[in-house]
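Student: Quick note, this note's numbering runs 382 ahead of the 1-based positions in the sequence shown.
Any given hint could turn out to be false.
[Unchecked claim] Okay, derived cross-link-like pairs now, DSBU-like style, lysine-lysine, Cα gap no bigger than 30 Å in a straight line: (1) K715 / K584; (2) K675 / K590; (3) K630 / K676; (4) K729 / K651; (5) K1129 / K1054; (6) K1115 / K512; (7) K645 / K630; (8) K1129 / K1045; (9) K490 / K440; (10) K729 / K668; (11) K680 / K722; (12) K1045 / K1075; (13) K680 / K630; (14) K590 / K630; (15) K633 / K676; (16) K1115 / K1129; (17) K584 / K630; (18) K440 / K512; (19) K675 / K630; (20) K722 / K584; (21) K720 / K633; (22) K490 / K452; (23) K826 / K729; (24) K651 / K715; (25) K645 / K676; (26) K729 / K590.
In short, the hints are calculated from the structure, not lab data.
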Amino acid sequence: MNLNSTESGITERPVSRGRRSAARPDGDAGQPPAISTSPLAAPMTPAGVATISHLTEKLAEYMSEADLKKVKEAYRFSDEMHLGQVRKSGEPYISHPIAVAEICADWKLDAQALMAALLHDVMEDQDVKKEELIERFGAPVAQLVDGLSKLEKIEFQSQIEAQAENFRKMLLAMASDVRVILIKLADRLHNMRTLDVMAPAKKQRIAKETMEVYVPIAHRLGLNNIYRELQDLSFSHLYPLRYHVLAKAVKAARGNRREVVGKILDSVKNTLGMAGIHAEVYGREKTLYGIYKKMRSKHLTFSQVLDVYGFRVVVDSFSNCYVALGTLHSLYKPMPGKFKDYIAIRKLNGYQSLHTTLIGPYGTPVEFQIRTQEMHRTAESGVAAHWLYKNSDANMTDMQQRTHAWLQSLLDIQQQTGDSAEFLEHVKVDLFPDSVYVFTPKSKIIAMPRGATPIDFAYAIHTGIGDHTVSVTINGEPAPLRAELRNGDIVEVVTDPNSRPSPSWLSFVRTGKARSAIRHHLRTINLPESIGLGRQLLQQALAGISISPDLPEPLVERLLNESSAKSMDELYADIGIGKRMAALVARHIFGLLGGESASVPIDHNSAADLDPVTIYGSEGVSVQLAPCCLPIPGDQIIGQLRRDQGLQVHTSDCSVARRQRQKEPDRWIAVKWGTELNRRFDSRIRLLINNEKGILARVAAEIGESDGNITFVGMDEDNDHVLHQLRFTIQVKDRVHLAGLLRNVRKVTGVNRVSRERG
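Let the sequences and hints guide you as you build the complete structure.
Tutor: Okay, structure coming up:
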């Protein structure tokens, strides 16, 4: 039986049988959590009934009749498609698209976005084709829905890979139209509000995913209301006991401290009024997750965190922000080092405010944020406060230009990335909220994630500059490439057209753009080396299970199809850089030949029994000598295949190798030195010497006479000032050459002990 229509003129139905009459398995369902402070929270409707009257009222405030009619048509279609489908809470499934559309309406998104919000699950759940949506609602709406839909049920090697590919699809769709992620965030927000009916394990998985991906995206786009609510909701499902204990404590503290907060509010309002500043002043309570995070990171008690009260002052003009700041500083004394001007240098996501912490009544620290109404809208709704589509760059706000630049960087990372999991890894790295602001020599401000290095800075300017970086100066002083950048640093990069990225950079770069560009370079520039190494490793693995390396053509075709490689060279290159394991590919080939691949034993201790890979030490970046032990010819060696970094060679007795081999035994292979080695190798030695005149000169002279080349000298002084430790890095031919050099140095007057240094 149909219910009476509302003023929208749309018929609403109770649950009945339709195209699908089961609760949705992915479980975006349930009752809202007990505590919800979000201004976006929508009113609940009775179970079993879905109405769009509230949505219609919101849309009527800013949308034309023609656009409203299109939205209603999208609702009718979605309602028909989801007819009979229910959520795990027992509500009709259509209530979810309606709730998502209401959140989008709070941002005043356009008709196309609202239609896509109502239709966002019809392709995934009800097998509606994109062509049908194009015919009924137009290409832009269909494109938005397609960007929001998960991939069709194709086979992936793992759930993690499937999820990573879905994220990649969504983020790339977002790069072409930011409305995709706005709708997706609204979708995730409603799912998180209604997560309680899910099984505990699924709640944990969805909450973790939300905290790792969607929370940082909301922050990056400046959507602070959603950012804070998603954080609290994720926290409540990840750590329910901690959440409820904190919620109870906050409720109790709120009543106890009402008098102090009231006194501060009255004083601030009166003082600003007397200064002739028209302002809105109100208290700002920390989120539960914000309290929890501060307690954990700074090892504070609950009472210490809540001693910092938050207040927001919203003034009517830009200049009055600074006038209000001076007025507040005359009312309460500012705390040294606690002032931040995010108006002059705005945050990466466009956020602007003045932040200051003052000593309030009873010696209590009081935190103030001062901003204009326009800044306040941006702070709360971010890119959604100024969203524009299809407009020229000249008309874009600064916030939009920053967002556009970040979205463009997603496309750059995609072009240089090998697979979905790697793409998602790079994007996650770029989503960290903390930022530092550094300057080019021409005073241009570059925002970088906290912990970024000069290499990240170079790649942020241009990929070509990053690829050719050789040295850097920070504030006019030479600095190492792995130095951590700090706020206000002036960074100058020195390049050389013959320089190339080093695989070691991957161990310290922070940004996704730098990481993906370095990996792309290592994959492409050193492709012949990687192919040769990969071919040798696969042949070795096949020989270990008695399979000829000459594979028949039909088998090669099946192998390439099932491994998603375009050619055997690509497969060899993946093995050579450590992206695929030769042993696992060999097992797969065994299965294709009719055997049971899972039954092929992989003996991680049998590497020495296979033909070892020959190392000459001059192969280039695809084969590296480990810096921890610096192997030289004559040492017993073993190789580690590091993901996207090729082969790293350690001495067999290296303590670092021993620990890593226990964690990933299948990444280690047998290697041996070649017979024709026409280069020298670095080795470290340590000497214990008497503190006497001329000792360093005598040692250096003996090293030179022993045909050694010194590349580094260091000294550690003992407390008694009598003995010193000298540390040298020297270049030698092999282990025999080093042994002779050590014997000669040991005879130098004043040398008490000399030994080779490992690690």
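Student: Give a verdict on every hint.
Tutor: Structure-based check of each hint:
{"no.": "1", "hint": "K715 / K584", "verdict": "violated (50 Å)"}
{"no.": "2", "hint": "K675 / K590", "verdict": "holds (15 Å)"}
{"no.": "3", "hint": "K630 / K676", "verdict": "holds (17 Å)"}
{"no.": "4", "hint": "K729 / K651", "verdict": "holds (28 Å)"}
{"no.": "5", "hint": "K1129 / K1054", "verdict": "violated (33 Å)"}
{"no.": "6", "hint": "K1115 / K512", "verdict": "violated (66 Å)"}
{"no.": "7", "hint": "K645 / K630", "verdict": "holds (24 Å)"}
{"no.": "8", "hint": "K1129 / K1045", "verdict": "violated (43 Å)"}
{"no.": "9", "hint": "K490 / K440", "verdict": "holds (9 Å)"}
{"no.": "10", "hint": "K729 / K668", "verdict": "holds (20 Å)"}
{"no.": "11", "hint": "K680 / K722", "verdict": "holds (20 Å)"}
{"no.": "12", "hint": "K1045 / K1075", "verdict": "violated (49 Å)"}
{"no.": "13", "hint": "K680 / K630", "verdict": "holds (21 Å)"}
{"no.": "14", "hint": "K590 / K630", "verdict": "holds (23 Å)"}
{"no.": "15", "hint": "K633 / K676", "verdict": "holds (18 Å)"}
{"no.": "16", "hint": "K1115 / K1129", "verdict": "holds (21 Å)"}
{"no.": "17", "hint": "K584 / K630", "verdict": "holds (26 Å)"}
{"no.": "18", "hint": "K440 / K512", "verdict": "holds (28 Å)"}
{"no.": "19", "hint": "K675 / K630", "verdict": "holds (17 Å)"}
{"no.": "20", "hint": "K722 / K584", "verdict": "violated (41 Å)"}
{"no.": "21", "hint": "K720 / K633", "verdict": "holds (28 Å)"}
{"no.": "22", "hint": "K490 / K452", "verdict": "holds (16 Å)"}
{"no.": "23", "hint": "K826 / K729", "verdict": "holds (15 Å)"}
{"no.": "24", "hint": "K651 / K715", "verdict": "holds (17 Å)"}
{"no.": "25", "hint": "K645 / K676", "verdict": "holds (26 Å)"}
{"no.": "26", "hint": "K729 / K590", "verdict": "holds (26 Å)"}
Checked against the numbered hints above, the structure breaks hints 1, 5, 6, 8, 12, 20 and satisfies the rest.
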